[in-house]
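**Student:** The chain contents come next:
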Amino acid sequence: MTGSSRYGVIRTPGGLSLRFRPRALVVAGGCLLLALALGVLLIGSGDFPMSPPDVVRTLLGNGAPADSLIVNQIRLPRVGTALAVGAALGLAGAIFQSLVRNPLGSPDMLGFSQGAATGVLAGIVLAGGGGLAVAGGAVGGGLLTGVLVYAVAGRHGAHGQRLILVGVGVAAILTGVNGYLLTRAKITDAARAVLWLTGSLDGRDWGDSGPLLVALAVLGPVVLVFCGRALRMLEMGDDAAHGLGVPIERVRLILLAAAVLLASFAAAAAGPVAFVALSAPQLARRLTRTAGPNLLPAACMGAALMVAADWVAQRAFPGHQLPVGVVTGLLGGGYLVWLLVTERRTGRI
Amino acid sequence: MTIRQHPTSGGTASPSDGPPLSGTETGGAAANGAASAGTALSDTVPGAAGDGTAGNGAAGNGARPPRLVGEGLTLAYDKRTIAEGLDVAVPDRSFTVIVGPNACGKSTLLRALARILKPAAGTVVLDGERIGAWPAKKLARTLGLLPQSSIAPEGITVADLVARGRYPHQGLLRQWSREDERVVAESMAATGVADLAERAVDELSGGQRQRVWIAMALAQQTPLLLLDEPTTYLDIAHQIEVLDLCADLHESGRTVVAVLHDLNHAARYATHLIALRDGRIAAEGAPGEVVTAELVREVFRLPCRVIEDPETGTPLVVPAARR
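Chains A and B supply the protein sequences, listed in that same order.
In terms of full-length UniProt numbering, the first sequence is numbered consecutively and its last residue is 349.
In terms of full-length UniProt numbering, the second sequence is numbered consecutively and its last residue is 323.
Derived by calculation from the structure, the hints in this document are not laboratory data.
Any given hint might turn out to be false.
[To be verified] From chain B, some residues computed to sit far from chain A (all C-beta separations above 10 Å):
no., residue
1, Ala89
2, Ala114
3, Glu154
4, Arg297
5, Pro303
[Unchecked claim] Going by beta-carbon spacing under 10 Å, a handful of chain B positions derived as facing chain A:
no., residue
6, Thr74
7, Lys138
8, Arg141
9, Leu146
10, Ser150
11, Ala152
12, Asp160
13, Ala163
14, Gln175
15, Ser205
16, Gln208
Here a beta-carbon is modelled for each residue, glycine too, at the ideal position from N, C-alpha and C.
Next up, chain A with everything else stripped away, as it sits in the complex (with noise of 0.2 Å):
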């Protein structure tokens, strides 16, 4: 492949100029698709099964009123769930991986997810609360820890190892104060919290991805247009970036924020579902086979991921749902060892 053929620019008369890489474009558009066809095929499942064209229809409006409260009413609030949490989850990870310089930063690794655990258990067993105590918990423990983690790595830490490490120790830390909540929780509390310390997306309706999708519609944007330029330059090491002239400290900071603040909000919808930030963006960039945080690409995969193990979850056994969270683990697990294993053949961790 060479390289005029790598990036399509667009140029106008007036001296504009957009440059993208359509290969890049071509594997977001294609995980895309494949999220929503997913998502058709698992409006169409359950207990009342539908053809994707009936969906398809009554998605548009033309259906018949039965099939149109089962479809609007109770399954897309679910896949429509499933793929903001998807997207969130894998543009946090696809910006955590790219600001710590290493495949293993995630929100899971990093301890944000175990701070909004943390902030959802607090909630569930102090104050008993309902749905917005368990959205309100995941945000506000999921910030409170990504605060911690920076003030802890420092300003001049806030890149590579060391926030890895810090992480790493934050979340074992908050691993152990909410096992120690759930064993002061009533039984009753303690069913629920650990569903969703598992992550899943049943019975999921707008009022739980409401949030989420306004962060996405805000955070998006701002992440995907305004930092993924200077995103690309900060992988070049901070004395680069700086050389290039982006104001490394500001960039880091607005994009660590939009990070935490996503993977929060993806918590808050869905609970901590394992391993879809981490694997997300790794995938996406083999399918890109190009440099840099690959950020749409990594909101596409994770969109696609999550359907897809959500679809597992409910056909794997008939009769029998599991949560999503379980899939997730099951192949977000065997993902991390086989990375583990190429990654160390490269001398990369």
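Fit chain B to the known structure of chain A by using the hints.
**Tutor:** Leaving out everything else, chain B in the frame of chain A:
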């Protein structure tokens, strides 16, 4: 406009900041244009294409004020002070080389001049304005930096890496102009990496990789270029190759500042030498004046003889034999 020929290419012009190098045949090379540098290099410096209109107004030898100045610099990492009350001036259009023993603060000084390190006291002034007040991208269009260690993102190609040097010239809606394309191609040609354009940077040899990084800095099109130990980890042939490239950049009108380990390289290539010891300037000026046996003893604690370089006539440091 003073453009000096490279020492190895014949004569040496009168330095703008001092008398001619001692023991050097002084050719009348001043203002003869960037003859040996090739047009590709001069084209990449805006307003430095040998027509005498560039610069900041001053004309003629010795009258050009320095563009980059450090005044009363106290440099420290956290609580550890590296240098105190340091005054430095980089002469315009010079090839300034900073030398000194390990941990003398030479890289620290370069980092302060590039605004990576904020001085604990004192100011760095670029073109008459405090460097801290420069907007990040504008600074990156004026002052380029080759850090000691940069990370080539996994799998990136040479052309992609060099293209990143255009970042300070680009914007949200101006991502890849024809100008960008032209400058990147020229920068790769000038550094001799055009043939490697589609190769992955990871696969290249150390010398090739360093030339790629220099090409990236070149694509930034800055009149000032700061290089932190550009020859470290390279074998002797690649060291000379990189230094020749730096000399070419200097001849094409850029002000080049480099931190170097090798005193003999510094003496051969520099037009202005700054010798640091314990965060202080031990000596500064033209290498022919500055590099003496006493200075080497004082700065490096090394007994030596200084003879004339048979190739260039510049000072050559020969360490004393063990017995």
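**Student:** Now, for every hint given, state plainly whether the structure supports it.
**Tutor:** Each hint, compared with the structure:
1. Consistency note on Ala89 of chain B: stated as away from chain A, and its beta-carbon is indeed over 10 Å from all of that chain's, at 21 Å minimum.
2. A cut-off of 10 Å between C-beta atoms contradicts the statement that Ala114 of chain B is not in contact with chain A; the least separation is 7 Å.
3. Against the 10 Å criterion, Glu154 of chain B falls within the reach of chain A, whose nearest CB is about 6 Å from its own CB.
4. For Arg297 of chain B, the condition that its CB be more than 10 Å from all CB atoms of chain A holds, with the nearest at approximately 33 Å.
5. Even its closest Cβ contact with chain A, about 36 Å, leaves Pro303 of chain B beyond 10 Å, as expected for a residue assigned away from the interface.
6. Because the closest C-beta pair between Thr74 of chain B and chain A is about 19 Å apart, greater than 10 Å, the hint is violated.
7. For Lys138 of chain B, the interface hint holds, since its Cβ comes within 10 Å of a Cβ in chain A; the closest pair sits about 8 Å apart.
8. Evaluation of the Arg141 of chain B hint against chain A yields a held restraint, the C-beta minimum of about 7 Å falling below 10 Å.
9. Against a cut-off of 10 Å between C-beta atoms, the interface hint on Leu146 of chain B holds, since the closest Cβ of chain A lies about 8 Å away.
10. The closest approach between the C-beta of Ser150 of chain B and any C-beta of chain A is roughly 4 Å, which is under the 10 Å cut-off, so the hint is satisfied.
11. A distance limit of 10 Å between C-beta atoms decides the matter here; for Ala152 of chain B the minimum to chain A is near 7 Å, and the interface restraint holds.
12. Residue-level restraint check for Asp160 of chain B holds (minimum Cβ-Cβ distance to chain A is 7 Å; threshold 10 Å).
13. Because the beta carbon of Ala163 of chain B sits about 9 Å from the nearest beta carbon in chain A, less than 10 Å, this interface hint is met.
14. Proximity of Gln175 of chain B to chain A holds as hinted, the smallest CB-CB distance being about 4 Å (cut-off 10 Å).
15. Of the supplied interface hints, the one on Ser205 of chain B is violated, with its beta-carbon coming no nearer than about 18 Å to a beta-carbon of chain A, more than 10 Å.
16. Among the interface hints, the one on Gln208 of chain B is violated; its C-beta lies about 17 Å from the nearest C-beta in chain A, farther than the 10 Å criterion.
The structure fails hints 2, 3, 6, 15 and 16 (numbered hints given earlier, in ascending order).
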